[in-house]
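Participant: Based on the hints, put chains P and Z in the right spot on chain Y.
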Amino acid sequence: MNGLPGLYNDFIAIFLMMAGFYVVISQGNLVKKLVGLGLFQTSVFIFYISMGKVAGGNAPILTDGVEVYSNPLPHVLILTAIVVGVATTAVGLALVVRIQEAYGTVEEDDIQAQDDAEEWPDDTAQDSSKDTGPDANGSARS
Amino acid sequence: MTPTLLMALILLLPLATTVGVVAFGRRPNLRETITVASGIGLFLLVAMLGLSPDWMDAPRLLLAEPIEGLPIAFSAEPLGLMFALVASFLWPVTSLYAIGYMRAHHEQNQTRFYAAFAVSISAAMGIALADNMFTLFVFYEVLTVSTYPLVTHAGTDAAKRAGRVYLGLLMGTSIVFLLLAMLWTWSLIGTLDFTPGGVFGDESGLVLGTLLVLFVIGTGKAAIMPFHRWLPAAMVAPTPVSALLHAVAVVKAGVFTILKVAVYLFGIDTIADLAAADWLAALAALTILLGSLVAMTKDNLKARLAYSTISQLSYIILGAMLGVAAGVVGGGMHVVMHAFGKITLFFCAGAIMVAAHKTRVSELDGLGRTMPLTMLAFLIGALSIVGLPPFGGTWSKWWLVQGTLDTGLWMLTAVLLISSLLNIAYLVSIPVRGFFVAPAAPATGVKEAPLPSLIAIGITSAGCLALFLWADPLYRLVGEVLQ
Amino acid sequence: MSFLEHLPVLIVIVPLMAAPICVLLDRPRLAWLVALIAAFSSLFCAIALLSQVLDGSVISYELGGWAAPWGIEYRIDLLGAFVLLIVSAMAAAVLDFAKASVEHEIPTDRIARFYAAFLLALAGLLGIVATGDAFNVFVFLEISSLASYALISMGRDRRALNAAFQYLVMGTIGATFILIGIGFLYMMTGTLNMQDLAERLPAVADTNTVRAGFAFLTVGIGLKLAMFPLHLWLPNAYAYAPSIVSAFLAATATKVALYVMLRFMLGIFGVDFSLHEMPFAWILMVLGVLGILSGSLVAIYQDNVKRMLAYSSVAQIGYMVLGIAIATTAGVTAAVLHMFNHALMKGALFLALGAVVYRLGSVRLNDLSGLGWHMPWTMAAVVVGGLSLIGVPPTVGFISKWYLVIAVLEHGWWPLALVVLIGSVLALIYVWRVLEVAYLRPRPASAPPVSEAPLSMLIPVWLLVIANIYFGIATHLSVGSAERAAALLMGTAPMGGAQ
Numbered sequence: 000m001n002g003l004p005g006l007y008n009d010f011i012a013i014f015l016m017m018a019g020f021y022v023v024i025s026q027g028n029l030v031k032k033l034v035g036l037g038l039f040q041t042s043v044f045i046f047y048i049s050m051g052k053v054a055g056g057n058a059p060i061l062t063d064g065v066e067v068y069s070n071p072l073p074h075v076l077i078l079t080a081i082v083v084g085v086a087t088t089a090v091g092l093a094l095v096v097r098i099q100e101a102y103g104t105v106e107e108d109d110i111q112a113q114d115d116a117e118e119w120p121d122d123t124a125q126d127s128s129k130d131t132g133p134d135a136n137g138s139a140r141s
Numbered sequence: 000m001t002p003t004l005l006m007a008l009i010l011l012l013p014l015a016t017t018v019g020v021v022a023f024g025r026r027p028n029l030r031e032t033i034t035v036a037s038g039i040g041l042f043l044l045v046a047m048l049g050l051s052p053d054w055m056d057a058p059r060l061l062l063a064e065p066i067e068g069l070p071i072a073f074s075a076e077p078l079g080l081m082f083a084l085v086a087s088f089l090w091p092v093t094s095l096y097a098i099g100y101m102r103a104h105h106e107q108n109q110t111r112f113y114a115a116f117a118v119s120i121s122a123a124m125g126i127a128l129a130d131n132m133f134t135l136f137v138f139y140e141v142l143t144v145s146t147y148p149l150v151t152h153a154g155t156d157a158a159k160r161a162g163r164v165y166l167g168l169l170m171g172t173s174i175v176f177l178l179l180a181m182l183w184t185w186s187l188i189g190t191l192d193f194t195p196g197g198v199f200g201d202e203s204g205l206v207l208g209t210l211l212v213l214f215v216i217g218t219g220k221a222a223i224m225p226f227h228r229w230l231p232a233a234m235v236a237p238t239p240v241s242a243l244l245h246a247v248a249v250v251k252a253g254v255f256t257i258l259k260v261a262v263y264l265f266g267i268d269t270i271a272d273l274a275a276a277d278w279l280a281a282l283a284a285l286t287i288l289l290g291s292l293v294a295m296t297k298d299n300l301k302a303r304l305a306y307s308t309i310s311q312l313s314y315i316i317l318g319a320m321l322g323v324a325a326g327v328v329g330g331g332m333h334v335v336m337h338a339f340g341k342i343t344l345f346f347c348a349g350a351i352m353v354a355a356h357k358t359r360v361s362e363l364d365g366l367g368r369t370m371p372l373t374m375l376a377f378l379i380g381a382l383s384i385v386g387l388p389p390f391g392g393t394w395s396k397w398w399l400v401q402g403t404l405d406t407g408l409w410m411l412t413a414v415l416l417i418s419s420l421l422n423i424a425y426l427v428s429i430p431v432r433g434f435f436v437a438p439a440a441p442a443t444g445v446k447e448a449p450l451p452s453l454i455a456i457g458i459t460s461a462g463c464l465a466l467f468l469w470a471d472p473l474y475r476l477v478g479e480v481l482q
Numbered sequence: 000m001s002f003l004e005h006l007p008v009l010i011v012i013v014p015l016m017a018a019p020i021c022v023l024l025d026r027p028r029l030a031w032l033v034a035l036i037a038a039f040s041s042l043f044c045a046i047a048l049l050s051q052v053l054d055g056s057v058i059s060y061e062l063g064g065w066a067a068p069w070g071i072e073y074r075i076d077l078l079g080a081f082v083l084l085i086v087s088a089m090a091a092a093v094l095d096f097a098k099a100s101v102e103h104e105i106p107t108d109r110i111a112r113f114y115a116a117f118l119l120a121l122a123g124l125l126g127i128v129a130t131g132d133a134f135n136v137f138v139f140l141e142i143s144s145l146a147s148y149a150l151i152s153m154g155r156d157r158r159a160l161n162a163a164f165q166y167l168v169m170g171t172i173g174a175t176f177i178l179i180g181i182g183f184l185y186m187m188t189g190t191l192n193m194q195d196l197a198e199r200l201p202a203v204a205d206t207n208t209v210r211a212g213f214a215f216l217t218v219g220i221g222l223k224l225a226m227f228p229l230h231l232w233l234p235n236a237y238a239y240a241p242s243i244v245s246a247f248l249a250a251t252a253t254k255v256a257l258y259v260m261l262r263f264m265l266g267i268f269g270v271d272f273s274l275h276e277m278p279f280a281w282i283l284m285v286l287g288v289l290g291i292l293s294g295s296l297v298a299i300y301q302d303n304v305k306r307m308l309a310y311s312s313v314a315q316i317g318y319m320v321l322g323i324a325i326a327t328t329a330g331v332t333a334a335v336l337h338m339f340n341h342a343l344m345k346g347a348l349f350l351a352l353g354a355v356v357y358r359l360g361s362v363r364l365n366d367l368s369g370l371g372w373h374m375p376w377t378m379a380a381v382v383v384g385g386l387s388l389i390g391v392p393p394t395v396g397f398i399s400k401w402y403l404v405i406a407v408l409e410h411g412w413w414p415l416a417l418v419v420l421i422g423s424v425l426a427l428i429y430v431w432r433v434l435e436v437a438y439l440r441p442r443p444a445s446a447p448p449v450s451e452a453p454l455s456m457l458i459p460v461w462l463l464v465i466a467n468i469y470f471g472i473a474t475h476l477s478v479g480s481a482e483r484a485a486a487l488l489m490g491t492a493p494m495g496g497a498q
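Chains as they are written, first to last, in numbering that gives the first Met the number 0: chain Y, 0 to 141; chain P, 0 to 482; chain Z, 0 to 498.
The shape of chain Y in the complex, shown without the other chains (with noise of 0.2 Å):
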């Protein structure tokens, strides 16, 4: 099984990293923002799985006449990993939450215009000498 079948695995792995990727850099909602991101991990948890898999081989329990069996080792690494995952989106979730009841919103634009909002009259009303130079702020976010 060489060639390009035989790896698809990989292909939809990278196929769903990038589109998880694109998600987390497109998307102004935080929430798909988080989406994207599951998704990006997630590609990578198959590509571990998939790396575990010997051709032929069988699950790693010991039975007679199985000679082969799949690398348990990748599977087992990737469970950690999924926890980690879960924590992430959690840990994500509960920030968007808390963003909610901050902002009332969870578009990046209408956290930012708030932000802005905040921060420039501020600096204009307080700061009447030239010592202030213009706030890097933009260049600071993504």
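Calculated from the structure, these hints are not laboratory results. Yeah, the Cβ is synthetic: ideal placement off N, Cα and C, and Gly gets one too. Check the hints yourself; a few may be wrong.
Computed spacing ranges between beta-carbons, pair by pair [stated by the list, open to error]: (1) P:His-105 <-> Y:Ala-112: 52 to 58 Å; (2) P:Arg-102 <-> Z:Glu-409: 52 to 58 Å; (3) Y:Ala-58 <-> Z:Gly-63: 22 to 28 Å.
Facilitator: For chains P and Z alone, kept in the frame of chain Y given last:
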């Protein structure tokens, strides 16, 4: 007391003074007594160090060794002792002057002023006694930082701007050029110890020349053009600060550093062979002329003195870059001679400011009638700077001219002489106008500066004369550098 | 002696176990006490470990008694012990400071959980350093990251939430990249033990899989490290986090990420592969230089002092990255040394700002007017910390810069030396902006009166300040450890032999 112990005391005494000044900040008389007394004590300590029989061979005083082979250590050698003597002698004199000036001027935050002053002196002592370039650098930076509050003493916007220029230029040049030169030297030869005859081996002339340029322009305190802007800017400070720090301690720390680098890192023989040294000498000559010319255009008395200082400092740089014994001797002696002359001039400028409330040269016509003593002292200081007998400046100019003749660079000789003529034009003219031009308003009788200030002026102008009559010990001291 | 044998795991376990205790106790003071005790226990372990490995030996500990290539190994060499010391010492210092600051900034009902998260972050960071297993690094990385997202989000400003979210997204991407990288390595070698990986990798090094793994790891660690241009999460996260979180993360998190980079790039891939076969050194050099210059320049224009320090951190990370990029023992020494020194200076500065927040409630530049006279000790600490950041002798900052520039000049790369020194001048500018406002601008008459911070804050701040000067003068511990750690990393490539 052993020389090593003396050195420790010399460094500690000003710091202890700082503590005393801060502790008794609310009792001005006690605070100022402490300052003057420890100033005198410091001078005595330095003098004792110079008089101890084996002071040059005494073991060095090791404070710490942050990087292996690069200790913070102190030792005494003739140039350093000379610098320490000048600074420590003028500290109590300036403090005496400051008492009169600061009180008459009703300056704020006088405790901070005296405290920062003492720290600056401690830093100057550290520079004077530094055993290697690293130690010198450490105290060089301490001096910059500790004089910053003095420059911005007034707290006005102008003072803040001046403080920015001051700190930016001094620290900027020292970090980018001086530190780079030190690091480069270290990575080349693995030592920064001051060694008679120099430390370099057979590095190529290009490398050494570049290093020398980095060292000289990195020493921003020497105010060689185009890194001189901080010095006029620093004139916003109270006059005692301008007098001691920006005519003596800080700027002399700069030229002292260059002398040390020339004599003890490069060695004058190496300097003599370097083409870069000639270029630096030319730059110094340019600074001498331009400084004098700019000084002529300045109507503000302190600004005029500042540019005069820039010009005079380059005499010393020039002397160091000549690569002949007479140049170093002249440069070394000029450190002392210019210190006494210029501090006298600044004292007079401050006295005029306090007593007559005048800061412009054009307002000084006829002032000799109301402030005869001050104007006389001004004349003495000016003549000493010009280099006319019977005042100390004669000798240093003599040796510097001798140095230019030894190298055969007659252009430089011409520069020195032209500059002297310019000095007469912009310095000696002031007391002449003070005495001989009729004032705009009729004189109202004698009104001199406060007595402590007047005493200080008397001491320094007498010093100008004494240095002419008894210059021999100084000459022998500086001469020992080249043994 | 059995107790001492378990030190490598105890240092991680103690804070890990203390975290749930904090939650269960749910009393602010008790939780603080538990956290403090845990941090000091870790510090004690770190000191004991460092004293054991100071001679260049390596401690190997088999978790649960499973032998090394199969079980998880905890492996502590000199570099590891040194970083453990940095992390646990900073945790201890920060927690000393924390009590009043946390009570002031965090709602009372959340304080216990705050300390729990803090301990988890600490355990994670310590675990990353202590473990000798590549996958374990990922797990601990996520433990510390998740805890720090939570910690950052507890800042009083609501922008902290957004900052934490940004950090979460970028941090997760970074961690996932690391996971992929580790996966590639595992694919080629069939092992996750770092020691084992290092031995097996050279045989398969010339494959695209290993190169891809290398690339993923570089980007992933770079994100965690906030290496320019992957630093975008850092400024807001540090600016809006609670004071002690800023101090703790600034002093430790990026250091640990740098440790991971050193460990993977030099320890596992080996010096030859990382620095000579791959264009890694050149990339790092360019990024380091850009980081130094851009970080410092942007810092100059900041109005929020914490944000300014955050950008300064980006620049300082640039120095460390540059140190690695020099690709000599001297360069790596400089990087490791700056890790230690930067922890000291940033710790001191952020804690001092924490004291300012405690009294003033703000760290905007304009609000600091005249503070030098109202909070003299706090601002004096900022002065010393700032001088250290600039690199003025005799502070630690000078020592770092000295070693870095000497390492650069060994190659004759004087333009790089100039970059480092110009970075110092830029630091001078942004530090001086703060000091000028604090000392030269009078406090407006309308401003509410402020007084000096309480002693419980000043003492830890000043301990760090004194450390800034002490380690700038007596450099035996820091320079000695850094030099030997770098020699171990560079000399006995890929990794030192086991004992």
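Participant: A separate judgement is required for each hint: does it hold in the structure or not?
Facilitator: Hints, one by one, checked against the model:
Restraint check, P:His-105 to Y:Ala-112: a C-beta distance of roughly 54 Å satisfies the suggested window 52 to 58 Å. Range check, P:Arg-102 to Z:Glu-409: Cβ separation about 57 Å, and the 52 to 58 Å hint holds. Restraint check, Y:Ala-58 to Z:Gly-63: a C-beta distance of roughly 25 Å satisfies the suggested window 22 to 28 Å.
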